[in-house]
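Trainee: One letter stands for each residue in the lines below.
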Amino acid sequence: MARTKAYAVGIALTGAALAAMVWSAGRPGHGMAARLVAHLAVVADAAFGDVAGWLRSGAADGQPDWASAAQDVWQGDADRGAALMVHYGCGSCHVIPGVTGARGSVGPGLGGFADRAYVGGVLPNEPAGLVRWLIDPPLHSPQTAMPDLGVDEADARDMAAYLYTLRGG
Amino acid sequence: MERDIPQSALDIYGAQSALEPAGFGAAIVFDLTFAMTVAFGTVFVGVMLLVWLAWRRDRPARHWWVWSGGIVLPVVSILVLMVASTAALVAMTRSDDTALVVDVTGHQFWWDLVYDPDGLAVRDANEMVLPAGRPVTLRLQSADVIHSFWVPSLSGKMDMIPGRVNTLTLTATEPGRYRGQCAEFCGLSHPRMAFEVVVLEPAAFDRWLIRTAGEARDAARPELLRGRQVFIDYGCAACHAVRGVATGARLGPDLTRVGARGSLGAGMWRMNQGNLAGWIADVGDMKPGAKMPSYNHLSGPDLRAVSAWLVSLK
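Sequence order for the protein chains is A and B.
The numbering used here puts the first residue of the first sequence at 63, with every later residue one more than the last.
The numbering used here puts the first residue of the second sequence at 4, with every later residue one more than the last.
Looking at chain A on its own, in the form it has when it is part of the complex (with noise of 0.2 Å):
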């Protein structure tokens, strides 16, 4: 009877806890248990979701995609990118496709970017040299007028990472 007992209490504070770290995951970039969702979500994309969409797509018929393979920006994060693009005021020269208010015509649309050759018209468009034109255009092709922004590294992987969604312009 009172193994039950235990029991019953043991259910109910995990129960609680569950629902704790529901609650607190459920409020933006807060606590542990978010950190731990977060984490729990990548853990099983990678388990499930990437044998799936690899099974759907490269096995089916026997082709990886390797082009999407080569423009995948190691650590970049696409939707904070997209707000990086805003604070950087991106969108004074470009127009970029999903970007708040980017609508300038200053410099090339960025639409379609993934299917691009050439970063700037001189560094070949892979993440590599993405990055490295975003943290400074002038080191790269001195008579540009893109000025160098003051991007760290960290953020220009996460724009490149947004760039690399915009396909097919």
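One or more of the hints may lead you astray.
Partner residues are not named here, just some residues of chain B that face chain A (Cβ under 7 Å, in silico) [unchecked claim]:
1. T96
2. R273
3. A284
4. D288
Heads up, incomplete: computed chain A residues facing chain B, CB under 10 Å, no partners named [unchecked claim]:
5. H149
6. G151
7. C152
8. G163
9. R165
10. G166
11. S167
12. V168
13. G169
14. S203
15. Q205
16. T206
17. D210
18. G212
Think of the hints as simulated: they come from the structure by calculation, not from any bench.
Idealized CB from N, CA, C, for every residue including glycine.
Please build the complex by placing chain B on the supplied structure of chain A, with the hints as guidance.
Mentor: Same frame as chain A, now just chain B:
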């Protein structure tokens, strides 16, 4: 203390809201609105109850009800409202001889500011800095068409009419960053004629005013020196003043401390070199109808240099 305030009002939700008063006038308006809403809500619910009662009974209403509900109640409530709103108006528009004076002139589509016009006469633009808890008298004028000055978080609005000076005395109570907006249609870019208001503690405000009265910061790097030269060579100084570099021009906003502002283009875009370069190269696209021409004939390095120099003016 000053660092606690976000860099731009564009990053603050509710920076332009009459529901979050941070000034004397806005607080009065908010209280009056709240009291009126509650009072008239109560009256409305009461009347609906009486209608319901009247429908349930077959007897006609007594004369007493008609007199009290139809005449006495409206007369009394409207009288109370009139006295309260008149008192609020008197309190809000009371002038104060000891107040700091700021001349505010509306232009299509930006704001010219002169602090203490009869003394220090510090000219600035598009970002108003105010001392918390100290009354400030704004002398509102217009250089072209009718504009209207409105910072919902601080006070009521006041029209700016060509050929006359309207005064508005306001007292900001909470240090912070707020946003104002032109509230009278004034042309093509009227919706893009906003500004930021920074409320500082009085001591910090005094320091700010003294510092801003001085000349612009020196160009400390070769690129900045080149930017300053581009500013002079391309005739920017015909419209824009930068104290210590080119003074006197008043057709466009004073740029002596442009890089220190929270935003660019009169409260519209975050102040950074990216937006500033895009602005210089294509004003017509970012702010249709603005008088500044687009400087897309600058070479790339010149555009970078002049935008870097302007952002460094803090």
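Trainee: All hints, please: hold or fail.
Mentor: Now the hints, each set against the structure:
Taking 7 Å as the C-beta cut-off, the interface hint given for T96/B is violated, the closest approach to chain A being about 38 Å. This hint holds: R273/B has a C-beta 6 Å from the nearest C-beta of chain A, less than the 7 Å allowed. At about 4 Å, the closest approach between the beta carbon of A284/B and any beta carbon in chain A falls short of 7 Å, and the interface hint on this residue holds. With its C-beta approaching chain A no nearer than about 5 Å, D288/B sits inside the 7 Å limit, and its interface hint holds.
A least Cβ separation of about 7 Å between H149/A and chain B falls short of the 10 Å threshold, and the interface hint therefore holds. Annotation: G151/A was flagged as interfacial toward chain B, and the flag holds, the nearest CB pair being 3 Å apart, inside 10 Å. With 10 Å as the threshold, the beta carbon of C152/A comes within range of chain B, its nearest partner Cβ sitting at about 6 Å, so the hint holds. Using the Cβ-Cβ criterion of 10 Å, the hint placing G163/A at the interface with chain B is satisfied: the shortest such distance is roughly 8 Å.
Proximity of R165/A to chain B holds as hinted, the smallest CB-CB distance being about 8 Å (cut-off 10 Å). At a threshold of 10 Å, the smallest CB-CB gap from G166/A to chain B is about 5 Å, leaving the interface hint in force. Here the hint on S167/A is kept, as its CB sits about 5 Å from the closest CB of chain B, short of 10 Å. Here the hint on V168/A is kept, as its CB sits about 4 Å from the closest CB of chain B, short of 10 Å.
Nearest Cβ of chain B to the Cβ of G169/A: about 8 Å, under the 10 Å cut. The hint holds. Annotation: S203/A was flagged as interfacial toward chain B, and the flag holds, the nearest CB pair being 8 Å apart, inside 10 Å. Annotation: Q205/A was flagged as interfacial toward chain B, and the flag holds, the nearest CB pair being 5 Å apart, inside 10 Å. Against a cut-off of 10 Å between C-beta atoms, the interface hint on T206/A holds, since the closest Cβ of chain B lies about 5 Å away.
Checking D210/A against chain B by beta carbon gives a least distance of about 7 Å; that is within 10 Å, so the hint holds. Among the interface hints, the one on G212/A holds; its C-beta lies about 8 Å from the nearest C-beta in chain B, closer than the 10 Å criterion.
Checked against the numbered hints listed earlier, the structure breaks hint 1 alone; every other hint is satisfied.
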